[in-house]
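Student: Residue numbers (this note's numbering), protein chains in the order written: chain A, 1 to 130; chain B, 1 to 241.
There could be a bad hint or two in this list.
[What the hints assert, rightly or not] Computed list of lysine-lysine pairs in DSSO-like fashion (alpha-carbon distance at most 27 Å, straight line):
| hint | chain 1 | residue 1 | chain 2 | residue 2 |
| --- | --- | --- | --- | --- |
| 1 | B | K240 | B | K187 |
| 2 | B | K4 | A | K18 |
| 3 | B | K76 | B | K215 |
| 4 | A | K18 | B | K187 |
[To be verified] Residues from chain A that keep clear of chain B, each with C-beta distances beyond 12 Å, as calculated:
| hint | residue |
| --- | --- |
| 5 | P10 |
| 6 | C41 |
| 7 | S50 |
| 8 | A70 |
| 9 | A110 |
None of these hints come from the bench; they were simulated from the model.
Glycine included, every Cβ here is placed at the ideal spot set by N, Cα and C.
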Amino acid sequence: MHKPPRAHPPLPRNWWLKHRFFIAYMAREATVLPLVFFIVCLLAGTLALSRGPDAWQGWIGFMGSPPVVALNALALVASLYHAWTFFQLFPRVMPLRLGDRSVPASLMVAGQWAGVLAVLLLFVWVFGRA
Amino acid sequence: MTTKQISIRRYLPERDDAPFWQPFEVPVDDSTSLLDALHHVKESLDGSLSYRWSCRMAICGSCGVMVNGIPKLGCKTFLRDYDGEIRIEPLAHFPVRRDLVVDMEIFLEHLAAVKPYLIDDAQAQETAETYRQTPQQLARYRQFSNCINCGLCYSACPQFGLNPEFLGPAALTLAHRYNLDSRDRGKAQRMPELNRHDGVWSCTFVGFCSQVCPKHVDPAAAVNQGKVEAAKHTLIALFKG
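Could you put the whole structure together from the sequences, leaning on the hints where they help?
Tutor: What follows is the structure, encoded as structure tokens:
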């Protein structure tokens with residue numbers, strides 16, 4: 001049987017600008033950029049630590065400079081936004097069942113935020129005393 | 001009775017190589033669906049308009065079109081919900097054959113590729129006996145079995161738009177639906193198809209497929225549950241050697 005040639009219309013590069021749902025998706029994916037900066041900062045910190053007191057002080061100074069503080073503040077906001085989106089998607093990917101009943105999604109989302117709070121309190125307890 | 005203007009992207013390959021926009025003034029009341037409006041255009045204004053439709057009640061899945069850039073079923077879209085301009089286009093990411101009619105061949109190929117039917121060799125050899133399934137077993141896959149193959153999720157999916165070889169939301173959901181079915185033994189046959197680059201792993205959980213699904217199937221959830229299953233499948237294969 002004769003088949004017409006397949007010509008799939010190409011997707012324009014700006015496809016994600018056409019709907020706010022896609023913009024929110026791209027924002028979620030873009031959170032990785034400031035987080036990469038934060039990870040590089042951390043790696044540089046451990047390297048500086050191994051190189052001695054001068055390098056360490058240099059790194060402390062670098063971390064205190066306003067643009068670095070601003071970028072890392074952005075990384076914090078980005079990670080919280082990513083967590084917010086992730087926590088909402090999680091119950092759909094890993095639905096939990098207890099016996100015959102499924103655990104409500106809202107309970108799973110609340111549970112994850114409770115986990116964040118617990119880790120935060122643990123950090124305050126560990127590092128707050130130093 | 002008031003009227004509203006709808007603009008339809010026409011494509012008549014025998015007349016013109018390029019698609020063009022054509023406005024139509026259609027009578028509307030509170031119950032006028034987009035499909036009703038298309039019928040009015042075809043019957044009273046321009047008989048050359050082509051579009052697919054059948055049931056008028058959101059179960060045949062034929063009348064999918066883009067309404068202001070969002071994939072929708074014509075029969076489930078009401079003109080009362082639109083104040084400004086209403087732009088009707090054929091479903092995105094599919095080759096257009098004529099006017100609002102698209103070529104869905106690749107979608108049908110993707111559906112067939114995941115073997116969307118009960119596979120149970122043991123049952124076939126036995127005498128005709130009905131399957132038994134508890135309500136709990138039914139509940140595991142029921143939501144995913146409501147798909148009507150309308151293809152709206154493919155028009156919503158940018159990953160399918162970028163790569164038509166991606167099996168896509170509906171096919172992967174249907175595969176997951178049969179994998180979850182207690183009567184089915186075909187998971188081992190479906191997993192190699194799911195667990196490849198153009199299978200579940202091409203999905204980046206944009207999630208718009210679930211937003212536009214007219215039957216609330218939540219294909220994004222099914223596809224991403226499929227990733228968990230695919231990962232398990234890989235790990236088990238690794239240990240089995």
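Student: State for each hint whether it applies.
Tutor: Tested hints:
1. About 17 Å separates the Cα atoms of K240/B and K187/B, which keeps this hinted pair within 27 Å; it holds.
2. Simply put, K4/B and K18/A have alpha-carbon atoms about 24 Å apart, close enough for the 27 Å limit, and the pair holds.
3. Distance check on the hinted pair: K76/B and K215/B sit about 11 Å apart at the alpha-carbon level, within 27 Å; holds.
4. Between K18/A and K187/B the alpha-carbon distance is near 38 Å, which puts this suggested pair outside the 27 Å criterion.
5. For P10/A, the condition that its CB be more than 12 Å from all CB atoms of chain B is violated, with the nearest at approximately 8 Å.
6. Every Cβ of chain B is farther than 12 Å from the Cβ of C41/A; the closest lies at roughly 27 Å, confirming the non-interface assignment.
7. No beta-carbon of chain B comes within 12 Å of the beta-carbon of S50/A; the shortest separation is about 36 Å.
8. Consistency note on A70/A: stated as away from chain B, and its beta-carbon is indeed over 12 Å from all of that chain's, at 29 Å minimum.
9. Taking the minimum C-beta to C-beta distance to chain B, about 19 Å, the non-interface status of A110/A holds against the 12 Å cut.
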